[in-house]
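Protein chains: 2
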Amino acid sequence: MVSNKELQESRIRGYFIEATKETLKGEGLRAVNVRAVSERAGYSFATLYNYFKDLNELVFICVQDFMNECEGFTVGQSVNARPGKERLKARMKAYIGYFTQYPGIFELFYIERMNDLGARQPTARMIYEFTDRIIHDDLTHLIDNGDMNREQAELTGLNLKNSIAGLLLLFNNRLQPAEYLDFLAVADKQIDISLSLIK
Amino acid sequence: MVSNKELQESRIRGYFIEATKETLKGEGLRAVNVRAVSERAGYSFATLYNYFKDLNELVFICVQDFMNECEGFTVGQSVNARPGKERLKARMKAYIGYFTQYPGIFELFYIERMNDLGARQPTARMIYEFTDRIIHDDLTHLIDNGDMNREQAELTGLNLKNSIAGLLLLFNNRLQPAEYLDFLAVADKQIDISLSLIK
DNA sequence: ATAAATGGTGAACAATGTTAATATTTTTTA
DNA sequence: TAAAAAATATTAACATTGTTCACCATTTAT
Chain A
296 MVSNKELQES RIRGYFIEAT KETLKGEGLR AVNVRAVSER AGYSFATLYN
346 YFKDLNELVF ICVQDFMNEC EGFTVGQSVN ARPGKERLKA RMKAYIGYFT
396 QYPGIFELFY IERMNDLGAR QPTARMIYEF TDRIIHDDLT HLIDNGDMNR
446 EQAELTGLNL KNSIAGLLLL FNNRLQPAEY LDFLAVADKQ IDISLSLIK
Chain B
296 MVSNKELQES RIRGYFIEAT KETLKGEGLR AVNVRAVSER AGYSFATLYN
346 YFKDLNELVF ICVQDFMNEC EGFTVGQSVN ARPGKERLKA RMKAYIGYFT
396 QYPGIFELFY IERMNDLGAR QPTARMIYEF TDRIIHDDLT HLIDNGDMNR
446 EQAELTGLNL KNSIAGLLLL FNNRLQPAEY LDFLAVADKQ IDISLSLIK
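First to last, the protein sequences are chains A and B. Using this note's numbering, read the first sequence as starting at 296 and increasing by one per residue. Using this note's numbering, read the second sequence as starting at 296 and increasing by one per residue.
Treat each hint with caution, since some may be false.
List of simulated lysine-lysine pairs, BS3-like, C-alpha gap at most 30 Å [stated by the list, open to error]:
1) 384/A with 494/B
2) 494/B with 494/A
3) 484/A with 384/B
4) 320/B with 348/B
5) 380/B with 484/A
Residues of chain A clear of chain B, computed beta-carbon distances all greater than 10 Å [to be verified]:
6) 300
7) 309
8) 320
9) 321
10) 328
11) 342
12) 347
13) 364
14) 370
15) 381
16) 389
17) 396
18) 405
19) 445
20) 474
21) 493
Keep in mind that the hints were calculated from the coordinates and are not lab data. We put the CB at the ideal spot given by N, CA and C, even for glycine.
Let the sequences and hints guide you as you build the complete structure.
Structure, rendered in structure tokens:
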């Protein structure tokens with residue numbers, strides 16, 4: 296059971312977390328600063344430090360929430376696709392769509408420096424394994440269906456993880472390709488290459 | 296012809312650029328700040344602004360130099376490899392080696408925000424096309440040799456570019472895989488997948 | 001020799017993260 | 001219920017970093 300005190304404390308933490316998430320989605324990571332977030336949460340900037348070790352901790356607490364949201368989105372965008380190659384492709388496209396719609400969240404997942412390395416190691420691993428989780432169902436389905444073997448599935452997953460991270464990095468951070476439509480075409484091609492081990 | 300004035304000016308710019316490059320290679324991008332670089336160059340921090348628009352401009356001027364260095368390194372590391380698949384693989388490994396040896400340069404190429412977007416567009420394109428340039432010779436060789444067609448070469452290049460960027464991003468920024476030896480093994484696998492369209 | 005231009009510098013300001021002392025509110029207790 | 005104690009929130013202050021500007025020194029031109 297939770298005491299009143301714990302409940303109240305977790306509510307206030309929630310206000311800060313919500314303010315951070317809104318800022319991240321709206322204005323991006325660079326707009327997230329102690330004063331802006333605290334004002335949005337309805338507190339003075341110093342109050343933040345009564346509930347979080349530092350700004351970095353607060354920011355990385357958002358990762359879990361965004362993961363769930365992103366996973367829900369990709370699954371939702373692929374309900375009508377046939378399990379296997381078709382659904383995997385749909386999910387990858389949704390995944391890419393999510394991170395281009397919210398470049399601030401991409402920054403948070405892949406770019407932002409994790410200052411306190413030891414403490415953030417679990418987060419780093421979580422992020423690393425996040426793509427795997429989204430891919431997992433369909434790769435299993437493809438293996439069970441005899442469309443590829445375990446080895447090929449592993450390689451496909453590795454290639455998807457790396458190439459999509461790179462694709463998003465180059466588009467979000469380097470604006471290459473410069474036009475969104477060109478980017479979508481390249482993304483489409485890239486997914487097809489990654490899935491070419493499937494029978 | 297260059298006037299005395301131009302020569303002197305370009306020398307001083309060179310001192311700042313050299314100081315920035317040393318800092319980038321040694322302590323990384325986060326150690327690059329106006330006061331540290333200026334002191335290393337032997338001038339006051341304010342002097343920097345007599346020669347460069349801002350710190351960002353100075354930092355991005357280094358890109359060209361590092362590109363040349365990186366290209367020289369990858370070519371040097373692959374002189375004994377047979378042109379085609381073998382040399383391409385050697386070059387990709389050298390490329391990866393360069394950016395893991397100097398994570399600060401990786402940050403500069405792929406991560407660091409380009410503040411003034413319009414002005415930095417050429418740099419962004421240059422970086423985007425840099426990998427292509429390193430890959431180009433061997434892909435051409437493979438096409439001429441009948442080991443793959445033009446379409447397959449394009450896809451291979453795209454996949455290499457994206458997946459290696461992603462691989463480096465995840466290792467340098469998220470420490471995944473956590474051990475360098477594991478990372479090398481993953482990198483090796485990843486290159487093989489990308490090159491699997493070659494006969 | 002003096003005036004003008006050039007180049008270099010420190011002072012100063014703004015933004016941001018963070019800490020510590022202070023003020024305020026809530027809770028406890030006599 | 002009123003005073004004391006505990007908790008919570010806020011303001012003041014400092015450090016770091018990027019940047020601008022007025023000023024000083026030095027060189028160059030007249």
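**Message:** Hint by hint, where does the structure go against what was stated? Just the numbers, ascending.
**Reply:** 18
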